[in-house]
Amino acid sequence: MQLIFEKSRDGRRAIALDELDVPKADFPSELQRETPAALPEVSEFDVVRHFTELSNRNFGLDSHFYPLGSCTMKYNPKIAEVTAAMPGFSSLHPHLITSESTWNQCQGALEVIHTLEEVLGEISGMQEVSLQPIAGAHGELAGTLLIAAYHRDKGNHKTKIVVPDSAHGTNPASASIAGYEVVEVPSDKDGTIHLDEFRKVMDDDVAGIMLTCPNTHGLFESDIMEIAEVAHKHDALLYYDGANLNAIMGECRPGDLGFDVMHFNLHKTFATPHGMGGPGSGPVGVGERLVPFLPGPRVMKNGESFHLETPEKSIGRMAPFFGNFGMAVRALTYIQHLGNKGLKEVSEKAVLNANYIHARLKGAYKSAFNGRFMHECIFDASPQAQKGANAFDIAKSLLDYGFHAPTVYFPLTVPESIMIEPTETESKETIDAFCDAMLEIAEQIEKDAASLKNNPVSTPVGRLDEVKAAKELNCSM
Amino acid sequence: MFPENLKYTVEHEWVAVNGDTCTVGITAFAAEQLGDITYVELPETGLAGSQGDDAATVESVKAASDVYLPIGGTVFEINEALEEKPELVNESPFDDGWFFKLENVTSSDLDSLMDADAYAAFVKEQDH
Amino acid sequence: MSWVPTTSQDEEEMLKTIGVTRMEDLFDSIPDAIRLKSWDIPEGISEMAVKANMQALSGKNQLHSLSFLGGGYYDHYIPAAVDALSLRSEFYTAYTPYQPECAQGTLQSIYEYQSAICRLTNMEFANASLYEGGTAVFEAAAMALRINRKRNKIVCHPSMNPTYRKMLDAHTANLDIEIVDGDDPTDAACVIVQNPAFDGSLEDFTELGKQCHEAGTLLVVSFYPISLGLVKTPGEMGADIAIAEGQCLGIPLAFGGPYLGILATLKKHVRKMPGRIAGATNDAKGRRGFVLTLQAREQHIRRTKAMSNICSNQALCALRALIYLSLLGKEGLLEVAEHCHSKAEYLKSKLTFGTIVNTKPTFNEFVVRLPRPAAEVVAALSAEGIQAGLPLNDWKTGDTGDLMIAVTEKHTRDDLDRFAALLESVSCS
Chain A
1 MQLIFEKSRD
11 GRRAIALDEL
21 DVPKADFPSE
31 LQRETPAALP
41 EVSEFDVVRH
51 FTELSNRNFG
61 LDSHFYPLGS
71 CTMKYNPKIA
81 EVTAAMPGFS
91 SLHPHLITSE
101 STWNQCQGAL
111 EVIHTLEEVL
121 GEISGMQEVS
131 LQPIAGAHGE
141 LAGTLLIAAY
151 HRDKGNHKTK
161 IVVPDSAHGT
171 NPASASIAGY
181 EVVEVPSDKD
191 GTIHLDEFRK
201 VMDDDVAGIM
211 LTCPNTHGLF
221 ESDIMEIAEV
231 AHKHDALLYY
241 DGANLNAIMG
251 ECRPGDLGFD
261 VMHFNLHKTF
271 ATPHGMGGPG
281 SGPVGVGERL
291 VPFLPGPRVM
301 KNGESFHLET
311 PEKSIGRMAP
321 FFGNFGMAVR
331 ALTYIQHLGN
341 KGLKEVSEKA
351 VLNANYIHAR
361 LKGAYKSAFN
371 GRFMHECIFD
381 ASPQAQKGAN
391 AFDIAKSLLD
401 YGFHAPTVYF
411 PLTVPESIMI
421 EPTETESKET
431 IDAFCDAMLE
441 IAEQIEKDAA
451 SLKNNPVSTP
461 VGRLDEVKAA
471 KELNCSM
Chain B
1 MFPENLKYTV
11 EHEWVAVNGD
21 TCTVGITAFA
31 AEQLGDITYV
41 ELPETGLAGS
51 QGDDAATVES
61 VKAASDVYLP
71 IGGTVFEINE
81 ALEEKPELVN
91 ESPFDDGWFF
101 KLENVTSSDL
111 DSLMDADAYA
121 AFVKEQDH
Chain C
1 MSWVPTTSQD
11 EEEMLKTIGV
21 TRMEDLFDSI
31 PDAIRLKSWD
41 IPEGISEMAV
51 KANMQALSGK
61 NQLHSLSFLG
71 GGYYDHYIPA
81 AVDALSLRSE
91 FYTAYTPYQP
101 ECAQGTLQSI
111 YEYQSAICRL
121 TNMEFANASL
131 YEGGTAVFEA
141 AAMALRINRK
151 RNKIVCHPSM
161 NPTYRKMLDA
171 HTANLDIEIV
181 DGDDPTDAAC
191 VIVQNPAFDG
201 SLEDFTELGK
211 QCHEAGTLLV
221 VSFYPISLGL
231 VKTPGEMGAD
241 IAIAEGQCLG
251 IPLAFGGPYL
261 GILATLKKHV
271 RKMPGRIAGA
281 TNDAKGRRGF
291 VLTLQAREQH
301 IRRTKAMSNI
311 CSNQALCALR
321 ALIYLSLLGK
331 EGLLEVAEHC
341 HSKAEYLKSK
351 LTFGTIVNTK
361 PTFNEFVVRL
371 PRPAAEVVAA
381 LSAEGIQAGL
391 PLNDWKTGDT
401 GDLMIAVTEK
411 HTRDDLDRFA
421 ALLESVSCS
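Chains as they are written, first to last, in this note's numbering: chain A, 1 to 477; chain B, 1 to 128; chain C, 1 to 429.
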């Protein structure tokens with residue numbers, strides 16, 4: 001398929017303006033670019049055909065089951081697109097918050113922000129929430145900066161953040177940017193954090209511990225109360241990575257578990273669309289200790305109206321305004337429709353679906369851990385790999401069945417990891433079809449593992465040469 | 001299995017002693033673990049450091065690894081061929097795929113390195 | 001009703017297959033002591049009721065018939081095809097292209113976006129997007145520090161958007177680096193300039209770029225994408241890194257986000273660039289395809305030593321920008337830029353009752369000093385349905401009478417005449 005640039009023809013054009021109705025002003029030549037930007041010259045229909053064809057080369061969630069572990073690919077409700085597009089939201093200029101005199105012109109938007117922050121706080125048991133962080137990793141950075149601000153305010157000089165070896169890469173990456181040294185704690189063979197090893201690394205030099213619960217192995221960290229106790233004894237703060245929140249809504253709350261700070265992923269738990277990799281949204285929630293340090297300005301309610309205030313010890317601005325507001329509108333839409341019972345049902349059914357998949361597949365695939373999986377289950381395809389077809393091959397084969405592959409090779413703690421997260425929005429029929437496909441693939445591996453090596457065969461392209469891409473670095477035309 | 005005349009580190013670097021100078025590279029085991037190597041970032045000549053300091057980076061499609069100074073010394077020559085042909089590290093890790101050469105070495109650091117047998121045993125342990 | 005399709009029959013069958021009797025058994029790994037007792041969340045309401053609720057909230061925001069608000073975010077015309085195409089669910093419900101064979105739509109559009117940005121800026125490599133313009137400043141500074149490892153100073157030119165300047169402080173609070181305001185490249189990892197400046201002024205930073213390079217310092221140029229229809233590009237000025245807020249490229253104002261962080265660089269720096277990058281390659285049958293490349297730099301592989309912690313980006317917004325730039329094309333972008341510039345110059349000519357503060361040429365945004373406090377003028381004109389611009393005094397720069405006005409191609413001559421007349425009558429009353 002051609003690139004849009006390859007379809008370019010001199011003189012073609014899609015959009016033109018009306019004739020200039022004011023005198024054409026001179027533009028100083030010394031400030032001007034030499035030649036016009038070599039953008040495509042195509043008709044509108046060319047553009048429409050081109051991107052329509054491109055879209056047909058994509059598996060989207062709306063057309064394909066997408067059981068990516070750790071990504072929570074749940075259905076994106078269309079009503080959320082409608083509310084986000086309401087002109088009062090989508091055409092609103094953010095600088096209305098800049099001058100106090102114009103706060104009265106964006107009260108509806110401020111109410112959306114305040115309401116969402118409040119309900120996220122209630123869902124998580126956190127005291128206050130800020131919508132500023134623009135993605136989950138950005139929320140993690142905000143969280144670690146909050147931890148740092150807390151310690152600096154107390155006069156503590158702590159240099160370390162503890163993460164489990166199963167942690168998502170953004171955890172240590174964020175902690176590094178916040179200036180911390182990262183100390184890894186191994187998981188025990190059950191897949192939860194190794195309590196003794198954890199105790200060993202805990203000292204007064206640890207500023208915080210970043211955990212997720214259930215963890216990236218899909219297992220609930222049952223020792224969490226003890227971990228919290230040890231942490232707080234050393235005045236270390238406990239950070240909750242909200243990526244797996246879909247497993248526990250209505251069952252327990254990070255705030256009640258002893259977490260001091262967390263981030264949410266609105267594009268996971270709260271159904272905002274993934275958009276090929278973004279935009280996401282990563283609000284940060286805090287317990288009482290960290291409230292004074294929240295990013296500002298914050299939306300405050302006074303009677304029926306909303307105004308802005310910056311906390312006295314605020315870490316400053318993580319975003320120019322309130323983060324990805326458009327995603328906040330969608331998330332609030334989602335939460336309002338589900339309500340208290342619906343949110344609890346989300347987690348129940350997410351956990352049910354993942355356990356059902358596990359039950360159906362555990363005969364043919366080796367379970368990575370023996371504990372109770374929650375919203376995702378993990379298999380270790382090492383036995384299959386030994387027969388000649390590994391997790392990679394299994395993933396590619398699933399594409400030919402019309403399923404997006406689960407997450408493979410994450411977490412790094414499981415060798416041939418296949419992590420499956422169906423979410424609660426999939427029907428039993430879809431899940432059964434997926435399991436049938438996985439079982440057929442397992443059988444095929446027994447019969448003739450080598451036959452998987454050419455998969456996928458039904459997609460527009462087959463396996464691509466990644467080494468060539470890295471060496472040639474052809475990243476633009 | 002691994003060249004007898006070399007010394008090895010736990011980070012999978014090898015050292016060849018040539019009189020007053022040493023040549024450093026990464027082992028076949030390391031190269032295999034990384035997969036097809038797509039890029040090597042070599043140190044600048046003149047870089048001086050101690051055992052364990054960051055020296056180079058080696059990248060493949062699926063991983064990036066740091067290469068450390070196996071012994072204290074100063075880099076006086078780098079293998080510029082790796083710029084165009086990083087695959088030399090996979091093809092000939094102990095020979096044409098060398099990374100850099102050190103002078104003013106801290107010879108005593110060599111004592112803490114493994115010989116070929118010890119390294120082979122070490123690798124065996126890693127691999128399961 | 002929710003979006004869960006599982007019936008009670010399904011549930012029964014599934015629990016049986018799993019080998020438990022009750023749903024609660026699936027949560028037995030959660031200790032009783034920490035189970036939720038109750039929470040205070042409202043009951044769910046129907047889609048119809050949600051829509052009404054949100055409509056009411058949307059209605060509590062004032063939209064103006066005419067707006068001159070800018071300050072980094074601009075009300076340009078978004079062609080209908082941008083929405084129509086980017087709302088195709090194969091795009092917006094897809095995820096990161098970890099399985100490239102079924103994500104060629106995503107990957108090719110990223111490659112085309114990267115190409116469009118390089119052509120726009122005269123730079124050599126662009127990434128697949130960052131969050132927005134302010135975090136892009138931080139990422140560029142961090143990138144410069146990785147490239148210039150022996151230095152720990154960042155210089156911020158006074159042209160920089162003050163909010164971005166504050167964000168830089170917040171993000172670097174715990175790093176051992178020095179941030180100074182000024183333009184002296186000595187011993188700095190980079191100098192970050194913005195063109196047009198926050199107040200709209202244009203400058204040629206080529207000379208500063210030369211000084212930077214002589215001092216072993218990188219030049220980072222923060223640009224305004226629409227202005228590059230006319231204005232000298234970061235590449236032409238000798239920039240090492242070019243960054244921008246891409247909202248003006250077909251992305252709604254949306255009260256602050258989602259927006260688009262743009263970052264582009266030169267080949268010699270590409271390995272230190274944060275974010276995802278798509279690269280071209282082939283499959284075994286020789287068919288061209290695209291993959292994420294240089295992933296070894298990123299957090300999921302490099303972890304603590306990653307170039308950035310970025311994971312999710314603004315991919316869908318990058319698609320919008322690509323579609324927008326394709327619809328405008330070479331001629332169209334020049335035309336939009338010319339309209340913006342000429343209309344702004346025309347408006348300036350009608351504001352003789354005030355003083356234009358900018359001493360340098362401007363693109364589409366400028367500051368006028370009014371004989372009356374700008375905040376009052378803004379409030380008065382708001383009652384007429386006109387958003388007059390940004391009172392600069394809120395930024396602690398400039399006079400209380402300073403009003404920053406942005407003009408786009410959407411403003412007709414009549415709009416501008418009407419605005420000028422109202423501004424005059426309100427300011428001089």
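No lab work stands behind these hints: they were computed from the structure.
Treat the hints with caution; some may be incorrect.
Unchecked claim - DEER-style ranges, computed between Cβ atoms:
(1) B/Gly46 <-> C/Tyr77: 36 to 46 Å
(2) A/Ser101 <-> C/Gly59: 13 to 23 Å
(3) C/Arg288 <-> A/Leu412: 25 to 35 Å
(4) B/Glu80 <-> C/Arg288: 44 to 54 Å
(5) A/Asp223 <-> C/Glu24: 17 to 27 Å
(6) A/Asn370 <-> C/Ser38: 31 to 41 Å
(7) C/Tyr77 <-> A/Asp205: 33 to 43 Å
(8) C/Asp399 <-> A/Met1: 25 to 35 Å
Idealized CB from N, CA, C, for every residue including glycine.
Against the structure, the hints:
1. B/Gly46 <-> C/Tyr77: 36 to 46 Å: For C/Tyr77 against B/Gly46, whose Cβ atoms are near 56 Å apart, the range 36 to 46 Å is violated.
2. A/Ser101 <-> C/Gly59: 13 to 23 Å: Because 21 Å falls inside the window, the suggested range holds.
3. C/Arg288 <-> A/Leu412: 25 to 35 Å: holds, 32 Å
4. B/Glu80 <-> C/Arg288: 44 to 54 Å: violated, 32 Å
5. A/Asp223 <-> C/Glu24: 17 to 27 Å: Holds, since A/Asp223 and C/Glu24 (Cβ atoms, about 21 Å apart) stay within the stated range.
6. A/Asn370 <-> C/Ser38: 31 to 41 Å: holds, 33 Å
7. C/Tyr77 <-> A/Asp205: 33 to 43 Å: About 56 Å separates the Cβ atoms of C/Tyr77 and A/Asp205, which means 33 to 43 Å is violated.
8. C/Asp399 <-> A/Met1: 25 to 35 Å: violated, 56 Å
When the structure is compared with the earlier hints, violations turn up for hints 1, 4, 7, 8 and for no others.
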